[in-house]
Amino acid sequence: MKARIIAALFTVIGAGLLILSLQISVPFSYDPLGPKPFPVFVSIALIILPFWIIFFAPDKKADFTIEKRSVKLILILCIYMAAFEYFGFMVSTTFTCCFIARTVGSNRMQGWLTGLLISIVFYGVFRLMLDAQLPLGKIFGID
Amino acid sequence: MKDRFLELKLKCYLFIIVFGILHSYAFAVDNLECIAPAKPGGGHDLTCQLLARSLELTHLSDAPMVIRYMPGGIGALAYNYIAGAKRKSFNTVVAFSTGSALNIAQRKFGKYDEGSVRWLGALVTDYGIIGVSSKSRWRSLKDLLDTLRKRPDLVIFGAGGSIGSQDWMKSALLLKSAGIDPKKIRYVAYEGGGEAINALLSGHIHVFPGDLAESSKYIQAGKLIVLAVFSEKRIKPGYSTIPIATEQGFPVVWPIWRGYYLPPEIPEEDYRWWENTLRRLSTTTLFEEERQRLGFFPFTTIGKDFENFVKTNVQEMRQLAQEFGLVK
Amino acid sequence: MFGLWSGFIAVFNTTHLIILFAGCLTGLMTGILPGIGAVNGIALMLPFVYAYSLPPESALILLAGIYYGAEYGKGVTSILQKSPVSHVHTTQMNGYALTQRGFAGKALLFSAVSSFIGSLLAVVGFITLKPFLNPIISRFGPAEYVALILFVFILVLFLFGTAFIKNLIGLCIGMTIAIVGLDSATGTLRFAFGLPELYDGIDFIIVVIGLFTLGEALLLIEQTTNTRRIEQKITIGFNHVKAIFKHCWSIIRCSLIGFIIGGLPGTGSSVAGAAAYHIEKHINRKKTDADGADEKGIVAAVSAGNAAAISAFIPLLSLGIPGSATTAVLLGAMLMMSLNPGPMFFIQQTNMIWMLLASMLVGNVMLLFMNGLFIRFFSRMIQIPHWILVPFIVVVSFVGVYVVQHTMLSIAIMLILGIVSYLLRKLDYSIVPVILGYILGEPLEVQLRRALAISGGEVGILFQGFINQLLWICALMVILFRLRQKIRVFR
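Protein chains in written order, with our numbering: chain A, -11 to 131; chain B, 40 to 367; chain C, 15 to 505.
Keep in mind that a hint or two might mislead.
Claimed, not checked - DSS-like mimics (lysine-lysine), calculated; alpha carbons at most 30 Å apart, straight line:
#1 A:K24 <-> B:K223
#2 B:K50 <-> A:K60
#3 C:K144 <-> B:K262
#4 B:K78 <-> A:K24
#5 C:K500 <-> B:K256
For the record, the hints were derived by calculation from the structure and aren't laboratory data.
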């Protein structure tokens, strides 16, 4: 059942893409195809193909479970993303690593240790060795 | 592990973090930054390198200049960044060129236009060319265009840019001045100048509307012949034997000037500093040498002059874009 | 041969040797670590490599080292662990069987030696073939590329595990991601929603890290905690070394098979490994020695797999067409480092290619020693607890994407792709068509339109010329072969 829902989702996305593709405006082009046909073709394929899965596919592996751990991880990642630039790399990484470690089953100390170690090491490597910028946190007034 | 030990460790780490943040803060502010809105190795990269190295050699600035790459939308990403998030910054300058102006004119930079940033100045330029393979029979623009009129399939244009890009514009302007509709020819877009030159030399395309600087090594090797240069006068020294388009009866001029812009709300005294530094830089011999080393030609316009120049340029490009039906 | 000699000279300077060593070691380690593997190894190293701004030649040596190093590493993990994420199923079956019987050391030795010989023979093969490649690849014009890419698509669609429809959907998803951005021929924006960050499309590193690394991480944390510790001491006795000679012909045979299969565009080391395994089984069906059978299984799959990994470089470097997910990621990585594999690159940058080949020879020797010396360390590495591994993967992903494009949008896209990848894997879709669709979608469209621009609109240009026709015929054969299989199953 879940497989069918996802397949239907693809069809919907395909339809959305089709609408977008048809809106592509081309002043003119030198090749007979232009930038439109390819996206249109792909989106139509995305609309039609899932129907086969919805109607004809055997159900042997159609069901699956999404474990709570994965959902937790996804949530943590979303928060990490939101906090990344605002709180800065070091702080958000420390917290995130700790939460992830806890989710996977470590104890508190291990979690914090991992977090601190990873955030410091990474910041050091990237900033000093590779000269790449990592955000330090708008909350501290650094941009 | 005992708990006490860990507490101490955590405190140490915390200290390191705080220290690191403060240190980096200090670190971050000192440097000057030149943003090249493209991948490393392109024209914008060279523009920034020119500035960075000249500043270093002439000691006109105490702080070193770092080059940062911000590819995205042929300059759109960097433009949006400076006009938006970094509008008040004073240590960041961004490379800019004719191609970027063209994109502004075609409204490809999102909601920002030529009034959204502070224009600093331009120091060098390059010139457009019409190049053909040394194996081809044409020796002048007239030859080429005559063949084009009779057999359009024997004169395939190709360059490292899409329709509406600089390279395409050069050919479009040339064709327009010869009375040929640019839509009626064959044009193949490649990913970059190098790929297009390769296609030219292998015979897949026949005409290459490119730039002088990127073609120079092929010209010197004798593999690429320049039928015309899109400049006001013949280029001395070095290329004085190459005729310009105007003297062949096709008044097309296309310089690829390279300059810099600053954030729109940069404090006045910082703007003055940049302007003066640039002026002094352009008069030094060290700068001249750097310019020659990179294969560019002189073109110095700074401050208000540059601002007017850019705005006029963008306006002209807008008109061209409309004429050629590139924008609605 | 002068070329190879100059290649060696170029390789034997300190920087390059260090880089080569780093690459091989990283590859080996990431190949061994559960949940990572070659693709992720390259993806994880990318942010470091990119930020460090290595010159193209060094980048090439490094990336290649990671790639074939990981291939070595795969053998180790599958022997020591029954991990569902391991790719080389056959080695796993036999290798793990040997481990269970207490012969882990022997299995590892066999794996190491077979990897070494397989790779070596493949490099020699590459070197031998090189002069013959130039005339072929300079005939490749846009039409030939279209035929080739479609051939690769057909190979992936039809010969790849699960359902054809699922592969096709995956391919379309990949192509959709590739469409986002400015159209290179006309400059029109597609699927960009007016966001300047999307003008250049969705960057390669976002796609790779999202689809592979994050997706893998999500799957990884669902596994219950680690396998039990490796009880046995890993010892390698002298009689083990002697035992290898028994299989010497198998090794050579399978290396050859691997070399040929890997050299075809569209196939990767897993296919080669499986094919060699089955062929060896068939050849040796009369022998009944259980130990020997397991040994042969390892030897066959590993030598073929490594040979294929090396020979996959041939179509990759000469045409710029990847044949597997791993090579696709490798291609993307090369493009990021301003290397542009393809005929132009192959013919003009001969020195770089020779240096690469020399580095492969040296690298393989390095790997053999690493395998031998560090094997105990590596086998303990497999047991890295997840609470260190997963945060590490996550942070590298975020940093990697951020360093390339400093926008949160890219991280958001990476997350979305990660979730999508996770769901797809759960539904038994393979990610390989997706990444291939992404990497090859744009070249397909560009070359098709270029071919039509040159021919003035005639589709016939796609079917002219020897190479085109050959490719179309092969594609047809693959389709027919598969249909025949399906019909047989039906009866």
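How the hints compare with the structure:
1. A:K24 <-> B:K223: Holds, because 20 Å separates the two Cα atoms, which is no more than 30 Å.
2. B:K50 <-> A:K60: holds (29 Å)
3. C:K144 <-> B:K262: The given pair, whose Cα atoms are some 26 Å apart, holds under the 30 Å limit.
4. B:K78 <-> A:K24: holds (27 Å)
5. C:K500 <-> B:K256: The given pair, whose Cα atoms are some 58 Å apart, is violated under the 30 Å limit.
Going down the numbered hints, you'll see the structure goes against just number 5.
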